[in-house]
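> Next come the chains, spelled out residue by residue.
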Amino acid sequence: MMECKEFTCIACPRGCRLVVTVDDGVASVSGNACPKGATYGAQEAVQPMRTLTTTVTVEGSSRRRLPVRSSADLPLSRILDAMAALDPIVVRLPMRRGDIVVPDLLGLGVDIIATDNLAAPTSGVAQDADP
Amino acid sequence: MIHSVDTDIVVLGAGPAGLAAACAALEAGARVLVLEREDRLGGILKQCIHDGFGLVRYHERLSGPEYALRDVDRLERLGAQVMQEAFVSSTRRVDNGFELTCVDRGGVFAVRALALILATGCRERTDRQVFVQGDRPAGIYTAGLAQYMINIQGVLPGRRAVILGSGDIGLIMARRMTLEGMDVVAAHEVKPEPSGLSRNIHQCLEDYGIPLELSSTVTAVHGTKRVERVTVASVDGSMRPIAGTEHDIPCDTLILSVGLIPENELAQSLGVPLDPATKGPFVDQTMHTLVDGIFSCGNAVHVNDLADYVSESGEHAGASAARYVARRRDAPVTGMATRTLVPVRVDQGFLYAVPQYIDTSTLTDAVMYFRARRTMPSGAVVTAEAGGKTCFKASYPLVRPPEMERFVIPHDTLMGALAARRDDEGLGLRMEAR
Amino acid sequence: MAAWMLKIEAGWTAARYPYRNVVNDIQVPGIKEDRLDPVAGRDGALAGRYYDVAIIGGGVVGAAIARELSRWDVSVVLLEKENDVAVHTSSRNDGMIHDGFAARPGTKKAHYNVRGNRLWEPLCRELGIEFKRPGSLMLFSTPLEVAAYPLLADRARRNGVDGWEYWSRARVFAEEPNVAMDQHGGFFLPSAGVLSPYKATIALVESAILNGANIELGTWVTGMELESGSIARVVTNRGTMRAGVVVNAAGNWADVIAGMAGDRFFSLHQRRGTDVILDATTAPLQHHIMGRPSLSQARTRTKGGGLVMTVEGNILVGPTAHEMPGREDYETRAEELEELTKHVRLNTRLSMAQAITYFSGVRPCTYDEDFIIERSQRVSNLVHAAGIQSPGLASAPAIAQDIAAMALERVATFKAVRPRTGWLADRPAAPEPKRMSAERRSELIAQRPAYGRIVCRCEEISEGEVIDAATAVLPATNMDAVKRRTRAGMGRCHGGFCTPRVMEILARETGGPLWSVTKKGPGSELGVGPTKGPRP
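Residue numbers (our numbering), protein chains in the order written: chain A, 1 to 131; chain B, 132 to 565; chain C, 566 to 1101.
One or more of the hints may lead you astray.
[Unchecked claim] Straight-line distance between alpha carbons at most 30 Å, and here's what the computed DSS-like set of lysine-lysine pairs gives:
| no. | chain 1 | residue 1 | chain 2 | residue 2 |
| --- | --- | --- | --- | --- |
| 1 | B | Lys410 | C | Lys999 |
| 2 | C | Lys572 | C | Lys597 |
| 3 | A | Lys36 | B | Lys524 |
| 4 | B | Lys410 | C | Lys907 |
In short, the hints are calculated from the structure, not lab data. Computed from a predicted model, the values in this text were never measured in an experiment.
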């Protein structure tokens, strides 16, 4: 089965318009200005991958949320599952950028890591976390 | 008498522009005080938890907080003096520089500095300035406010949202709100083209099947306590609603992503001339405004798309301010050389270009940023010339107003061209369709 | 709209006849008139309670009446349907304390305006709010208008206005260097003042509360039960209460309230007006209120509008005046904004580019276009303060004196009325650090560091001031109420920076979750829940 897709490359800010034909799972890319575009285009047409960036709940501090990201891209088709899996996660401070919040999320081989440093609350100002 | 602090350079704002400026100034040996009104450094990047930052500067794809942390760490290592939750109440010029009256939890204090770097960023356009008519119920938020509520406060702003404007922040929030379980009905853009970066249209709208309606706007908001529905209508070539095209969309949230305005109240109060095309100060290629000793960088100068370029302008401002301060200390005030500023003249193809002036005494290359006035789908050739000499020429496969472009004029070729020009001639920038 | 104007014209025509007033029940096809929506019962907190005087309406008039009554040893309750005072007309006007010239001589408007104008300045000192008296300059556009000066002077004299002057063209230029070139001198009324109408309303209520009065917000009067020609019970969404006297100060609903008591002898029609607010950089550009009189002032039903400086240093352009149905319809139409450019031209340094926002208000007007300040003729314990259109704000303290006297006269028929011992004239105002000297401000911050943490950076408002608003005698319990007290949210960024910070403070002070902080009371929550956990 042959399919043709058109979309903008996101590998760099240039944003080339790619045209990708997929024939039996094999992709052929045109419109790219560089090899990164060819790689991206092929992947995107067959199985789009995305970085997940979101927040998780912080407990015991007025800093209610910790920003996190996936350590690598995961399939776009699994993003909402990933969000659901992260929903009940709660962390306590301090957290530092790079700390692993959830290893191997959904068995996809991707960790969820903190992207900011949040200091522990100074004594006496811990408040109910949930807004 | 209130407590007074003396320093060489005050950096107002510790977002990406101010952080980069402070680091650069410190590395050049100046004394620096950073004043930040929030309780943490990083500016708007703290709430920009999505990635895409640092592609140019670090060749990595970082989230906003990660990008900011690089500079925050560097600032810490350089031993900067930073005051958080400090607010500048007023400023004035004094004999040897500037005096700022500030307030924080410790009280009112004064800061005296030889130079100022204004890294005050920008604010969001709101419904009033866009003149969305109607009642004022709860549920109308600018995209940045919704972003703060969701990412920092963990508050879900509503259940069902319509987005007005296809600016990047609105697009990012379309995705963010969807991921957090809201129903994002559509984005409506009054212009016939989207305002945001192409990759955001793809990753934030197309990925989630959120339609983008062009040449469309919100004409009324209904609901007394909370938004209940909005009326949208198609618009004509003059962006006026077309009668008969109105229809209502039930929703409880209206997100406004209708533009950013550089924050320059402080600049104005100090008499710094602003360029109406950018709404930021006129600057030379070292980010020195037309008032000696006042520098500016980042979104306060013009609204950028990439934090990487914001940082770059901060680096230039910081280095320039440090050089200025060193010259001030070495020479008596009357001995300061005045800058020779050559104006940059853009043709109709440009919405604007920054810097608007070239200081001929500077030894650095000139980094130029510009936006095209309209989309040129087959691309454009941009030329910089003076005195009949071309000092830069490049071909762009596609230019559109939402995507800011950058080029560098090497110092020698720039000076060569400027030397050849007539006295009343500026540096001319031309844009021609390909 | 043409059909609507026919209804209004019919009412005006009827008003020319020497009847007491006009009730206009003409139905215009296609226009559904506002009714007081049925309100769900909230709690039974007022069931069975009794007050000597119940005032219906928490606008500036109701508030002023409450304060007047608080001088006496009588029990008072102010019933207000919204979740703060001054939510409607009293916060949607230009704050001008008119000189009293514009009203037709012999009307109640003229009488109460002039009396009220004299009362406001000392009253503001007691209330701890700012009062300014810039005076009002009406510019002559043509020599013909100059010739009419004696007529203007005569009207001012008949109304008892405190002073009027003729200013030559040269004098006008000297006083207002930025004035437009095409002026031929002006008519200056030095007694015109300005204040913040919502701050005044809040201060009046707080003063009343400090002197024993009660206020019930979120309280809707839904009916009245009469016995032997007097109101026996007042039915509310919080139970049925009893009152010795009922005062109708219900603004744009005063005719509906009167109807509940079987005393609807007048109808209100609404006249909407829009003002544009210019930013505070305009403050030094003008020294007096400016406008152009219309020689047909006698025939126009609303003062012509112009440029009014606020106490905060903005300039208001307007207001417009249009007959529009909708008792609380504040929609601002683009055409009205365009109408206002004529006023901006009076000052060469002003332009609409300086506009930061706009707002609309609705005036409650009777068909004879005058106030109703009188005891009911049918119900023995009902007093009306109705049809309070412009110059209602200026007139409020004087109206309050007379209404309070009428109410007390009735109270005296069933109990002895004595002055309240230890009545407090002064109401302490919360500090405004931004306006203090650096030294005084530092001292204040040393006592309370929260005054040093700026949460609204457009208006330079501190956390301490927001906390003060949330913990005041009449506390702010929602975002709009905080805005009325502190101005947080009124600056250039329209709440972009301060909203989350004010939310945190309100959530802390009211003890609820962050997302449930409201804009203006239940139903207007800013969020719907937290971003994690079960979705709401």
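> All hints are to be evaluated individually against the structure, with a verdict given for each.
Taking the hints in turn, this is what the structure says about them:
1. Proximity of B/Lys410 to C/Lys999 is assessed by CA-CA distance (about 27 Å); at most 30 Å being required, the pair is judged to hold.
2. Straight-line distance between C-alpha atoms of C/Lys572 and C/Lys597 comes to about 13 Å, which keeps the hinted pair within the 30 Å bound.
3. Between A/Lys36 and B/Lys524 the alpha-carbon distance is near 26 Å, which keeps this suggested pair within the 30 Å criterion.
4. Taking the CA atoms of B/Lys410 and C/Lys907, the gap is near 27 Å; set against the 30 Å cutoff, the hint holds.
This entry satisfies every hint, going by the numbered hints stated previously.
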